[in-house]
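Position chains B and C against the provided structure of chain A, taking the given hints into account.
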Amino acid sequence: MRTGHRFTRGLGVALCSFALLATGAHAQGTQAPIRIGSTLALTGPLAATALVHKVVGEIYVEQLNKRGGLLGRPVEWIVRDDQSKPELARTLYEQLLTVDKVDLLMGPYATGAILSAMSVAQRYDKVLIHHTFGIPSLAKYDKQFPAWSLGPDPANTVPTTVFTALAASPKPPKTIAVVTSKFPSVHFMSLGAREVAKKRGLNEVLFLEWDFGNLDYGPIAARIKDAKPDFLWVGALGLEGNQLLEAMNKIDYAPAEHFYMYPAPGPMSKSPLAKNALSMTMFEEHPPFTNAAGAKEFIDLYHERAAKAGIPDTSVEVQAAASYTAWQILEAAVRGTNSIDDAKMAAWLKANRVETIQGKLRFDGPSNYGDDLMRVKQVQNGRWVTVYPKEYAAPGATLLVQ
Amino acid sequence: MPFLHLPAFYESFLYIVFHWIVLATSWNILSGYSGYFSFGHGAFFGAGVYTTAVLAGKYDVPFLWTLPAAALVAALLGLGLGAVVFRVRHVRGELFALLTLAATFVLATIVLNTPIDGGPGVYLSAVPVPKLAPTPSGSFYMMALVLAIGTIAIAYAIARARLGLGLFAIHDDEDAAEVMGVPAYRYKLVAFGVSCALAGVAGGIQALFVSYVTANGTFNITVPLTVVLMSVLGGTRSWIGPAIGATAITILLYATTAADQAVAGKAVVGAVLVAAILLMPEGILGRTFARRGRGVPPASSASPVPVHTDAVVAAIESPSAAAERTVLLAVRGVAKSFKGVRALDGVDLDVREGEVLGVIGPNGSGKSTLINVVSGHFRADAGSARFGGVDLLALPAHRIARAGVARTYQIPRPFAHLTVRDNVALAAMFGGTALDPRHAAEVALHWLQFTGLAARADAYPGDLNLHQAKFLELARGLAARPRLLMLDEVLSGLTPAEIDGAIDLILRIRAQGTTIVLVEHVMRVVTALAERIVVLDQGRVLAEGRTADVMARPDVAVAYLGVPHA
Amino acid sequence: MTFPSGTLLAQSALSGVFIGSMYGLLGMGLGLAWGLLHIINLAHFGFAFLAAYLCYQLASVGGIDPLLTLALIIPLFFALGMAVQWLLSRFSVSPLNSLLATFGLTAIIEAGIQYFWTADFRKLESVYSGQKLRVGGLFVPVPELLTLVLALVLGFSIWAAMRYTNLGRALRALAEDAPMAAAFGVNRRAHALLLAGVCGALAGIAGVCLALSFTLTPSQIYAWVGVVFAAVMLGGLGSPLGPVAAGMVVGVSEAVTMAFASPSWAPIVSFSLLIALLLLRPGRT
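Chains as they are written, first to last, in our numbering: chain A, 14 to 415; chain B, 7 to 572; chain C, 2 to 286.
Pulled out of the complex, with its shape left as it was, chain A reads as follows:
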C-alpha cells in the first residue's frame, strides 16, 4: 500500500536521524565550548581602532578552533559593544561574568575600559589579559597581563630608545621640541621624553600641551616652526598627529625629524606629509617579525579579513599585533596549566615565558610587565618599516633623516 510504504520510509528516516543525532549529541556532550568574553568600543570615538581588534579576535578564535580548540573543546568568543564608555565596559564585564557566565576574559580596547574591566576581574579573581593598556603604573591587579609590551617604566625606556636611535643616525639632533596632547596615556610619556632629553643634554626649545579635542593646530604649528627644533616629539593620539602635520604643511614647514606616540597608523603612513615620521612598534610586516611562528599565516588572513571589514589600511602593525599577542598569551596560559583555572593560569604566566609574534614575553616584572619591546619605526615610501635597533630593522632599512 502506498501510504504504508511512505509510513515505513518516514519511520526509517526518522529513526536514522534520531540515531545520528543521538551519537552527535553524545559527541557534543563532552564538547561544551569554552566561552571567552570581552567588550570592544565598536561605536563611539574609539571605534576606529577597536575594529582591528574585533577582526584579529575573530581570526584567532577561528584558527584556534581549526586546531582543535582549547582542551579539546571549541572556543566561543562573546564580544559586546561598550560604546567607548568605561562605565558601560564595567557593567558589561559584570554581565559577561555573572549572567553569561563566561569561562575566561579578554581585555577591551584602550586604557579607560581596561581599567574598568580590571576592577571587575579583580573582584571575581579572573585573569585579565589586555592588549592596549597605556599606563603601566596604573595596572595594580596581580592577575592582569599586558600584551602591549611597554615594560614597567615606558616614560623612561621608550624615549631612551628613540633618542638612542636618533643619536646613532647620520644627523643626531641637538635641539628638541616636545608637543603633546593631554590625553593621559600619551601625556606621561611626553613628560618622560622631556626628562630623558634633559639627561642626554638635548636642548628643549619648546614645550606645548593641548587639550585632546583641540580643532585648531595652526598656532601650535606656527610656534613649532618658530622654534626650529632639530627633532619634534609629538605626543599625539589618533588623528592628532595628522592634524598637526597638515597644520605645519599649511605654513610650509616640514620638521626635520619627527616622532608620533600613537598615530593612526594607516592615515599616517599614507600621508605624503608624514615622510620619515617615526613611531613605536613591536611588530611590522617584515623580517625578523614575520619569522615568528604563525605570523605569515596571520598576516595573510588579516589582509583578507580587514579588507572585507572595510578597514582602509590592511597591514598588520602594532595594534593588530598586540591583539594577536593577547590571544596567544591566553592560549599559552590555558595550555600550560591544562585548565581554565584563573589562579593557576596567573601563576603559570608569572613563572613562564610565552612565545608570541612579538617575541618571547615574560610577566615577572613590576605590575606583571616584562621587557620594553618597543622598537622605532619610520614611514618610508608610504610604509612603516622598523629602523632601530638593527636586529629588528627591516632588511636594509636605516633611520632616514632629511
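Treat each hint with caution, since some may be false.
Said to hold, decoys possible - Partner residues are not named here, just some residues of chain A that face chain B (Cβ under 8 Å, in silico): (1) 93; (2) 94; (3) 125; (4) 197; (5) 225; (6) 228.
Think of the hints as simulated: they come from the structure by calculation, not from any bench.
Just so you know, even glycine gets a beta-carbon here, dropped at the ideal spot from N, CA and C.
Just chains B and C, lined up with the frame of chain A:
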C-alpha cells in the same frame, strides 16, 4: 535587591539607570520647571566627580564624606554662576543655555590644567568602596538607589510646594510672575542650587564607580545633551517624567550592545527616538498627566455667571463718605522713558482709600506704563509712589505684590500651562495674603465663583474666550485680597452685555473695600463707576478731580478729540 | 611665556579666523533654522558630515574635483533639508522636541556613515590640499581660504536677501508671527520648506569644506557641536553673519592664547570672553 543576591550585573545596570535618573531629574528641577534651559549640567556633575576624586583619591578622605563635599562644591559653583547670571535680565532662553555651556568648557579647562587633574587623570582603585551591601556592585546600587529616591522625592516636594508653582509660573511668564509676587531671583537660585548639588553627588558616586577619572571622559557634550533628551522624552513639567525618560533611554542604549548589531543598534536607537518624539510630543507622560481640563469642550460663548447679582445702580453713590478719605497711594514725579520715548514725564496723582479712580487719556498717554511702573513690571526712571508708608518704586516687583498691590493686564497674561485654578491660587500664595498651597486652592475657588469661572476651574487658559480670560485676570488680581487693584483696560474687547456684567463685578469688588484704579477707554463705564478721574496726556497729568468736572473741561476734550474746527 | 613674534601672532590669528569661519559656516544653517523656523536641528551636523563623506567618496574614489561635487551635494542636501522640515512640521514639533528628534536622526546618520565607511579616519587628498598663498609673510592655505570666502559670501548674500528681497521679508515675518504673516498671504509651508532647504544646502557646503580641510571620522560629528552652538547663540539666532562673527571671536581668542601660552588654556580664554560678552551686552528684551 542585593538581599536577593541577583547577579552583580543587574546591580550595576540598575546603578546606571539610577545614575541617569538622578541627573535627569535634578536637571529638570531648574530647567524643566522654570524653563531656564541649562546646557551645563555636565559642569556640576564634573565638579562632583572631581571633588570626590581629589578628596578620596589624593587625600584619602573616606569616600562617603566626599559626597556632601561634592554636593557643596557643585552647589556653590551653581549658586555663584546663578547669582551673577540671574540678575541680568536679558539672559534668558538660549543665552542661559550658552552661559552654562561655556561654564562647562571653562571648568573643564581649569581641571585639566591645574593639579586637580593636570592631565594624567585620577585613579581611585585604591579607594575602598563602602560596605553598604555584600558586594561592591551592591553598594553602588544601594547608594544610587537612595540618591535616586531622594532626588525624585525632592523633585516631587518642590513641584507640590510654592517653590514649584512659582517656577512653573516663571516658565510661562517670568515678568508676570514677579508682578504677582513670585520672588523669581531667589526661586531660580534655590532651584539651581538644589539641581547642582544633586548632580554633584551623582558625580561623586560615579567617580568611584568608574574608578579612573579623566577630564575628557567627564566633561564632554554627552551628559548635558543626554539629560535634556531624557527629560524632554519623559516630560519636563512632571517630577517623574525625567526618571521615566532616563530609564527608557538607558534601556534602549543598553539593548544594543551585542557586537554584531552595534552599529545597526545605534541607528535603531535613533529611529526609536525620532518616532517617540513625533508621536508623543508632550513626552511619555504628557498625555497621562493631562488634567481633566484637557477634555473640557472649548469655550462656550456664554458669559461667566457671577454667583451674586446685586442691583447695579445703588452702588454708584459711594458709601456715605463724601468727606475726604485718606490717601492710599501718593504718586509723585514718576518718569519712565523707553529708548528716548518719554512714556511718563513727571506724573503726580493721589489715589484715595475705597474709591474708584478712573484714569483716562488718548493712546500713548502713558496709562498702561503708569500701571506697569507702579506694579513693578518696569523700573521707573524717577519719582516715588508711597503706599502705606513704603515707596513702591524702590521695591522689587514681588515685594510690591506682597505689600497689597495687584493689577490686571490689558492683554491677559495668564500662565498658559497652569490651570485656571492654579493661576488664581498662585496669586493667593504669593500676594499679600501669602497662603500655603492648600488654602490657596480653596481661596482660588472662592474667587472663581465670585467671577463666575468656577465651572472652568480645571481648564487651561488657552481654552477660555476673551471674556473669561479677562475675568480670570480679575480673579487673579483679587485672590490676594489687595488693598489696591489696578485694572488695565479690563473691558476692552467685550460686548456691551459683557461690559454690564463686568461693571457689576467691579462694583462688588469695590463694595468689599478694595480701592480700584480703573484705566479705561469706554467712557460710559468710567463715568458710571469712577467718582474721580485723572486724565493723562503725553505722560503728564492733564486734569484730576471729580468726574463730571473734569469731563466738562475743554482741554480734556481737545486732548481726546483735537481742536474743534467747526 | 616669551612674547611671540609679529609673524607668529599674525599667523596664529589668521588660523583663528579660518577655524572661526568654519564654525560660522557650520553654524549658519543651524542658526537660521533655529531663529526663523524655531527648529533646533542637531542633524545639521550629521548632514554636514554626511556631505563631507560623500565629497570624500566622490573625490577620492570617483576622482571628481571636490568643488564639483557641490553640484550634486547642494541639491541633494537641499532636498534632505526640506524632507526633515516636512517631517517636523507634519507633526508640529516644538523647538525642544525638534532637538530630540534631530538627535535621533543624527544617530541614524552616524550609524550609516560608520556602516559605509567604518570608523577609520578618512582624509581627502585633493588638488587643493597642499596649496597655499603667500600674503606678506603669512601663509594662506587654499582650503581654509575657500571656507572663509564661502562663509562670508553666503552670509552676506543671505543677509542681503533677508533684508532686501520680498522673499526675505516674508521669511522674517513668518519667524516673528506666523499666523499674522499667513493672514497677509505668506505661504507658511512653502516658505518654511524653502528655508529649510537652504539650511540643508548650507550644511552640504559646510561638509565639503570639512572634507577639504579635516580628517573625517563619524564620532567627530559631536566634536563641533559645543563650540558651534556657542557661536550660534552668541551671534544671534536667525542671523546669517552673526555666527561667523562669533565663531571668529572664539577662534581668534583661542588662537592668540595658543600663541602666547600653553594651548591647553585656550578654551578658558574664549569661553570666559563669551561669558563676559553675554553678561555685558545691552539687553535685547
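Hint-by-hint comparison with the structure:
1. 93: holds, 5 Å
2. 94: With a closest approach of 4 Å, the residue 94 of chain A hint holds.
3. 125: holds, 6 Å
4. 197: holds, 4 Å
5. 225: holds, 5 Å
6. 228: violated, 13 Å
Hint 6 from the list above is the single one not met by this structure.
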